[in-house]
Every structure is written in structure tokens, then in C-alpha cells.
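Got chain A; can you put chain B on it based on the hints?
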Amino acid sequence: MRNDNLKWQPSNTSPTPVAVGETQLICIDGLQQTLISGPRQAALALAQVNQASGWPDTTEGDYFALSMRRDRILLVGACQLQQGWITEHGLAVSDVSGQYKVIEIKGPQAFSLLCQGTELNINQASASAARIWHGYGVLLYRHQQQDCFRLHVARAHFDALWQLLSAILQDNN
Amino acid sequence: MSSFRLATGGALIDRQQPIHFYFDGKRYQGFAGDTIASALLANGIRIVGRSFKYHRPRGFWGAWWEEPNGLFDVRIREGNDERYLSNCQGTTTPLQKGMHIRSINAFPSAKWDIKGALDKFHAFMPAGFYYKTFMAPDWHLFEPGIRKMAGLGKLETNDLENYVAHQHHHQCDVLVVGAGPAGIAAALKAAESGKQVVLADDRPCLGGSYIGSPACIESLPAEQWLQQQHQALDAAGVRIMLDTTAFGIYDHQMVALAERHKLTDAPSLWRMRAEQVVIATGAIDRPLMFANNDMPGVMSAGAAEAYLNQFGVVTGTHISFAINHDLYDDFLQQLNETGQSITAIDLQAGTFTANGVRCLDGIRQQQRRFSTDCLLTSASLTPTLHLWCQAGGELAWDEQQLCFVPEGKLDNFSVVGAASGIFNTTEALEQIWQTSTTPSKLNLRLNPLPYSAEGRQWVDLQNDVCTKDIALAQRENYISVEHLKRYTTLGMATDQGKTSNINALSTMAGLLNKSVPEVGTTKFRPPFVPMPLEIYRSHHRNELFHPIKRLALESAHRDAGAALGEYGGWLRPGWYSSDEPQVAIKRECLQARQQVGILDASPLGKIEVMGPDAKAFINFMYYNNMATLKDHHIRYGFMLREDGIVYDDGVLTKINDHHYLVSCSSSHADGVENMLEMWRQDGNNPDSIFVHDVTQNWNTITVTGPKARELVQQLDLDIDLSAAAFPHMTYREGTFNGQLAKVARVSFTGDLSYEISVPVNLTAMLWQRIHQLAQQLGGGPIGIEALSVLRAEKGYIMIGKDTDGNTMPQDLGFAAPRQNKTAAYVGDRSLHSEVANSGQRQQLVGLQANGSTPLPTGAHIISSTKQSLGFVTSSYYSHTVHAPIAMALVNAGHSMLDQQLTLFHLDQTYTAKVVSPVFYDTEGAKLHA
Chain A
13 MRNDNLKWQP SNTSPTPVAV GETQLICIDG LQQTLISGPR QAALALAQVN
63 QASGWPDTTE GDYFALSMRR DRILLVGACQ LQQGWITEHG LAVSDVSGQY
113 KVIEIKGPQA FSLLCQGTEL NINQASASAA RIWHGYGVLL YRHQQQDCFR
163 LHVARAHFDA LWQLLSAILQ DNN
Chain B
30 MSSFRLATGG ALIDRQQPIH FYFDGKRYQG FAGDTIASAL LANGIRIVGR
80 SFKYHRPRGF WGAWWEEPNG LFDVRIREGN DERYLSNCQG TTTPLQKGMH
130 IRSINAFPSA KWDIKGALDK FHAFMPAGFY YKTFMAPDWH LFEPGIRKMA
180 GLGKLETNDL ENYVAHQHHH QCDVLVVGAG PAGIAAALKA AESGKQVVLA
230 DDRPCLGGSY IGSPACIESL PAEQWLQQQH QALDAAGVRI MLDTTAFGIY
280 DHQMVALAER HKLTDAPSLW RMRAEQVVIA TGAIDRPLMF ANNDMPGVMS
330 AGAAEAYLNQ FGVVTGTHIS FAINHDLYDD FLQQLNETGQ SITAIDLQAG
380 TFTANGVRCL DGIRQQQRRF STDCLLTSAS LTPTLHLWCQ AGGELAWDEQ
430 QLCFVPEGKL DNFSVVGAAS GIFNTTEALE QIWQTSTTPS KLNLRLNPLP
480 YSAEGRQWVD LQNDVCTKDI ALAQRENYIS VEHLKRYTTL GMATDQGKTS
530 NINALSTMAG LLNKSVPEVG TTKFRPPFVP MPLEIYRSHH RNELFHPIKR
580 LALESAHRDA GAALGEYGGW LRPGWYSSDE PQVAIKRECL QARQQVGILD
630 ASPLGKIEVM GPDAKAFINF MYYNNMATLK DHHIRYGFML REDGIVYDDG
680 VLTKINDHHY LVSCSSSHAD GVENMLEMWR QDGNNPDSIF VHDVTQNWNT
730 ITVTGPKARE LVQQLDLDID LSAAAFPHMT YREGTFNGQL AKVARVSFTG
780 DLSYEISVPV NLTAMLWQRI HQLAQQLGGG PIGIEALSVL RAEKGYIMIG
830 KDTDGNTMPQ DLGFAAPRQN KTAAYVGDRS LHSEVANSGQ RQQLVGLQAN
880 GSTPLPTGAH IISSTKQSLG FVTSSYYSHT VHAPIAMALV NAGHSMLDQQ
930 LTLFHLDQTY TAKVVSPVFY DTEGAKLHA
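Going line by line, the protein sequences match chains A and B. Here the first sequence is numbered in the numbering used here, starting from 13 and rising by one per residue. Here the second sequence is numbered in the numbering used here, starting from 30 and rising by one per residue.
Isolated chain A (complex conformation) (with noise of 0.2 Å):
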């Protein structure tokens, strides 16, 4: 039974950007997040969306989903989903927005950074966009552009994770 206050730094859950050179490190916040599990073709379907990224793919536009595993999405995006199970579809839904924070690392040093934390090859796809970075569960793709990465991680997670990059961002420097 101790007081633990000054062991770790208070929490800061919007940290404003983190720029070394051309390559920035961002909050984003705000975006709706559904959860999706069922047969791929009923969920993408339901979310009216062609495909769910895994990677190296690159996401377009503000509404994408993104593929966890055999049976799951994300839909990243405004929706107006019923939530639950729906029997029609066969498919379960949670909203999860408040589950993941969002951080888009952007720039010409932001794939040899990510490279610090996991094994990542653009010649080698793979159908989810789950990855282990440093030892974070996380979902990683690619948004917009080539040099641009997102990476959802859960909440409770993010102030370490966002640490972590910008101290790793600040020594590459």
C-alpha cells in the first residue's frame, strides 16, 4: 500500500503532435470504431464496404474497415450499426470506439521506426492487420499515402505506446 504518484507521469490522453524532421507522430481522435465478427462476406456486407485491409494495404477516405482475423473487422468510420447480435446477418456488433486510440506516424522515417518495434516487409502481405509492436497488441496499416501508418491500440495502452514512439522518434534523430 503505497502512493504511486510520482512513479508515473500523469496520463495525458490527447498529447499534442511529436515532430522530428518530416516525420510526426499524431493523436487522432474521434473515430467512430465498430467491432464486427462473423463470415467476412455478411460483415463487409453489413458495413457496406468492398474489402477489410490487412497489410501492406492503404486505406482511402474516412470510412474503411480493416481486417483483425478470419472471422473480424473494424469498421473504422461513421455507422449507424445495430449493436448485439443480429440473428438475420448472423453477426455480432460492438461499438468500440472508445476501446482503441488511434496514432498515425507519417513521414520518411516512419517505416524504419515501426521497424524498430516489429517485422514489417511491404513484399509480405498478410490478410490482418493485428501485429505484435514491442510487445503491444495493435492494428497497423496504412492510410492516405505510402509514408503514412496508423496504429489502433487499446486504450489503456496508449499513453505507454505513445511514449514509446516519441522517445524512439527523438533517439533515431
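No lab work stands behind these hints, which were simulated from the structure alone. All the given hints hold, so there is nothing to weed out.
According to the in silico footprint, chain B covers these stretches of chain A (three or more CB under 8 Å from chain B): (1) 47-60; (2) 90-103; (3) 131-142.
Which stretches of chain A does chain B cover? Using the computed rule of at least three CB atoms under 8 Å from a CB of chain B, they are: (4) 22-29; (5) 161-172; (6) 175-184.
All residues carry an ideal CB built from backbone N, CA and C; glycine is no exception.
Chain B alone, transformed into the frame defined by chain A:
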């Protein structure tokens, strides 16, 4: 004067850049490009350290990573920054300006060591003498002194600032480890076939043992051949990583590479994933066994060659050699040309002895005696197969060459050059280029090497293990190689038997009159050479070493004066206010019991289970019968492991037949999700059950106490909160600020309680509102410490605290499902085992201490014969019942009600009475209010 530097020569040194350094307090000069070892030898220093056990003088044996003796503590000043590095291997550590080098295991210096006299008592200190000598009266009496004497370099507790290792991941088609001629050829061949190739070598330039050598490779002078190959490698797009050591091979061809930088900077870690790995790691000299073979001046022939070619250092003025093959004939000729006297020892003329006081000054063989200050030896060559073994490769004993060579094939791995047992460079290259198929064998002059027990012959220089120690181990039946290692310490410490393993096996084989393979083979594990722990840590330091989960409301808690601590992997408020913890906890308990307490319960697991098979699956996962649970009702239950042990407890909310919400312990949320996923995919139809962990999507605030309803009423959740409309253990959905609010009427305090869950974006607003209302009602926030007291007053358990790895549900008073539940569930069978039915199981009871002081948590309940009957799991002073309260797991505790027990803890004895664990509101009136 013994070793010295020639006026010319030395491929790696820059004679235009002299460097001054200090060794054991004296100033010396070296050159840029020197290692510590080459610089010391160039200055004629022969004794560079003392041996681990007997404090015998030691000099350099090797010239690279095989060196067992030359370890140093090093202090370097760079501007105002001083760095201290311990146990630096002198043969691989580059010399730096102003470096202060300190010999280890020696005081005041390596040359004059006050513990040197220990060697006089060597007869009383054979292998295992610690275990035999210091048993009585008590090992702990001797332990501090022995520990003080043991060890190698001295550690400093100061952290090295900015000593941060970078970690990288990389892939390639082919990774070639070792850039000697064979490695270069293998890399070039792979690159020319279109592969993406990485060539890694731990030296600062290409060439391996040919660096600076006047020898020829493929009819060209080595230097010219290496230059040509370097250009060809560049042209073929080979990535060359110099100063980079491959120190470990892991699953799926993941090779760990350590890239050295400046000595004061941490090395970088490269995790290289290669489709093919080519091991071209060469071979080292096997030491020759003879009496006093540990004396400074006795050295590997290959090392002497390296010192001469790479650093221009001649290792003696009267050099003799005892070499069992002809691979060094050219080098001996080269050495002769430097003008030193060279004397050959005839190995076939019988054993010989090294003589000298502190350092080698002569050799005696039969009646022959002669002076020498440097004896170069090589019994044979030992291929460097650590990586091959780490990858799972087998070894075979080559009787003709007296060494282990790779046996069989290994998918994705190959071995070339001397590492494969082909010691002739030309033939090794022909093998790679496939221009020859039958390489010759090493022609040993003496085979087998005779075993002799004459004198003190060192097998392991680093751990001071002699042949007599192996003989002793054999007499005491420690004949398996594993036992031999542990008994004698052979092959331990930083060199891990690189020079000693083969001789140890051969010695044991000689003693047992068996062949080497019959005695055993040698195995290797990563790391190949010692690595700084920093290489594994990298940025995982301080807060990031073991990151803790953070609450969305953390800043609100800090503003409210919370004392934060780690609870179940989350940083949570332990108590509020700057008062002494016990004062704050008492106030919070009384507030919650008398008015209203509010708690951030967000980490509570929230896992949705959905699908047409959800109902049956849930019933299968829980110990309790969940099949009868009605919609929007809640039931408490256990999840068990397959062995029937309680894994987690929590409440289950049924939304409908196809949708359940599992609420588990905060610290078990991830584990329960994994368990649900595992069983979903094993024995169930995974297309009919889906598990969504939404723990961090919903934040939960608990409102508890007699005024809880009054407070929640003012939140306007659009829910009828009356006891009749919203009874205990039911669930309702309302709205807060226009968004869904999930409200469960469950209690972990024993009082009227509501758990209100809202989306993360509303949490701060809800907390602020509830906090304000609580204060208006005379209440306030409570931390985990107060909650722990409140739940203990009611007899509610915490899994892992009030249970252990043996606790089954019947031990906690939940026996009915075990007897009555007919549907299958996880752990069912184990609950009917003999162990589960034992009458002496530890069962949960309450304890009423005699007196006003709480019992110590962890105190043992003891029998009249002082045997432990169990232990106190939770203990507090309850300001609600004005008495100390406790729970304990006690043998057959349920049958001991009202009995007086004796407890023992840290030399103190206590007494207590066994009671029901429910101390508060035993009828449940407050719970159902």
C-alpha cells in the same frame, strides 16, 4: 621484455594515431585500431589478470572472442562524461584514448596480487571443495566471504546515461555469418543467383583470419583477393554488416545480431529474419594439454598469427611451438623472418612441462630443457558451431581431425569453410564453388592425443579447472557431461567452454577409456558471446519497462487527491487525500457505509458473448448453472480451470439468449477473454459464438451506500430505481446525456450499489456529476483499499488473494453446482476427484481475532505440533463492526466453526476464533434495500 611491436606491419592499426592509455595505473601507448590485448602485448605486458580460483597469473591465450583470460574493467572519460564498463574482453575491445584499464581478480595489480599465495593451497581446493568444506557449522557463515572473493569484474551501480540500445527488424533471403574467405564466397554466390544477401562479421573488416595475412587466396595475395571480393560484393548488392556479431539463432531463422558502435555507446540489436542462413564462422585452436599450460606466454598459434598480421605484434622473443598439424607452417616461416628464434617441440617425443616463475621462461621435455618466453600451441582445430547447434543441428565426432563437425542437414541452414571441418581454404572455396567434391582432412601429427595426468594441466582457463578436477569428478561418478560441468564449473562464465569443452570431453574419455562421442557431445545456447543486458532492454526502461494500464479518469483522480498505485495491472486510486492512508481509508469506509461512496470500477472486465450458441456456451464456461438465468438478470459465478481450481469470479448479465455480458475481475479481463476464445474454438462451433472484449470501451462508476439510490436518481438515467422495479442482481439500460447507459444493480460492498457504465467520451462528465452529488450527500470517492475492507466485511472474496492455486469452489462454500449441475462445464470432472473430495481441503472461514489488533495477513494457523493448517488471506480493522476482521484458508475449516485457533507470524503468536466470513449485514437487508 617479451612481446613487442615491429616497426612495420599491422593491417588494423594506424601508426599515425598514437593513443595513450593506462593499465593497472601505469601509462602506456598504443595505436588507433589496437585492441586492449594487442596494445598490452605491444608494450610487453604478459600478466594481464589473475585466475578465478587460484589467482594464478594469466596472459592472453587468444586474439578474438575465444580469449578466456583477458577480461578488464574499463573506465573512459569523454569530456565531462565518465563511463565505466566491467568485464570487457581485451581481445575484442578497441583501445581508446585515455582509457583506464584495470585487471580483474587482482589487487593491487595483475603482476603483484596479494591473493596469489592462494595457489600454494591448491591441493586443498579441488573441484567441489565448497560443497564439502563449508557445510558445517553453516554454509551461510562462509557465504558472504566467498561471494566477496568470487566473480570477475567489479560492477558499478551507476546507470550509464544515454546508454540506449536501438533495436531493428530486418529480413533477407540469405544471411551469411562470417566474412572470412568461405563466407565471402558463399555471400557472393548467393547474391549472383539473385538473392538479397546480408553478410555479417564481428571484425572491423572483411577477411577473418586472413586480415593482414601475406598468404595467398586462389593464387592472389590475400589483400588483393579481399579487395576484389569486396568490390564484387558491393556490385552484387550484398549488404555488409561489419562489427556485427551473430549471437543467437531463434525460431524460423531469426538471427540476433549485435552491431557494435563506439565502446561507450550501446550496441544495436538486429533481429534478422533470413530464409537461408549460411554459417561461415571458422574455427579456433584447440589448446594442447601439458603441465602448467596456463602460464602467461602459452598461446594459441592462430592468435599469435593474428597479432602479427593485424597489429604488427610479435608475441615473444624466444618462441617455441607445439603444433599438431601443418596449417601454421607458413606462419611459422613468416615468424622466423621477423628474426626471432623459433624452436620446435617434438610432440612425439613425449609430454613436456612449462616452467617459469609467474610467466613462461622454459620448457622441459624428458631430459631436454630450453628457454622460451612464448609457446604457440594447437592440438587441432575446433569448428565454431554454436549457431549450428542453436539452430538444432547435430554434431558428429571426426576421429581423424579430433573435432566435432556438423552432421546431417538442417532445413534453411548450411555450414561452409572451416566451420564445416574443411580447414584448407582453397578446398573450402572449391566446395562453395562446387569445383571439387572431396576435401582433404587435417593431417594430425599425433592422433590420438595421449592422456597424461602429469602435473597440473588446465582444461578451463577461465574457471581454473584442471585435469585432476575432472579425474575427481569421475571418481565421484559425475561422469555425464552435464554433471561434470556443474560439479567442476567447467565451461561456465563468459566463455562458455569455447576452448575447454573438447579437452574436457577428451579427458573424461581418457579416464573412462571411452571414445569422445560415448562421453557426450557439447551443446550451445545463446548468446554466443556475452551481451549487455541493455541490448534486450532498449527503450523498455523506467515506466516503459512494465507499462501499466491507465484509466480514462486518471487526471480526475489526481485532481481529487488520489494516491495512485498498481492494482491488477492498472494504475488506480488506492485512497484519496493526503492524510495518512489508514485515516483516509477509515473515512472512505465510513462514508460508504453511512452515506454514499463512489468508485471508478472501469477496469472491471466487460466481455460480450454473442451468437446462437451463446447460452449453452456460457453455461459450459461457468461452474454455476447459468442456463436458468432470465433476461436482464445477473448471477454471480465462478469460472474454473480444467483442474477444477477457481480461475475467476464475477457476475454474468443476460441481455437475451443470444447475448451475454461477462463481468470478470479487473486483473483477469485479458485472461478470461483468452479462456473464452480458447473454449469457443475447442469443442464448440466457433461460427455460432463470438466473444468481444469491450472492457475499455465502457467506463464504469460504482455508487454504493445507503444513499446510492438517492444519488443515482438525480442522474436522470430514465430508469425506475425502486427496489421493486430494479431489484438486486438485475440490469437496466437507460440514457445519460443522450447516450446509452448500462446500469447493473450488483454490489461488491454489501450495501445497495449501482454500477453505471457509459461510453468513454461521457466518463469525465458522469464522474464529475456523481462526484458533485456524492459530496452533497456527505459522501465521496473511495479507493481500492477502502473497497477491500468493505468487501471483506461482507465476506466477498478476491480471487488470488483469498484463494490460491488449490482452491475449488466447494472450499469457498459453493458446493451446490458440483452436486446438482447436470450439464457439462469446464472443471467438472476434476471436482469429483479424490483430491477434491478430501476432508482436509483448505476451506475459507472468517476469523475473529482475540483483541483489537488485526491479525497479520499471511500468518499461519498452526496445530499443537506447530504444523501449518492454513493461512490468513485478508485481514483488516473494520470501523463498521468496530473489530478486527479476517478471512483464512484452513484445513477442514468449515467444520471448525467457533473453535479457537493459534496463529504464528514472525515469532509472534496470536489466537482467533473461527467464525462465518460474513461480518456485516448477515441477513442481506442492506443489499436488497
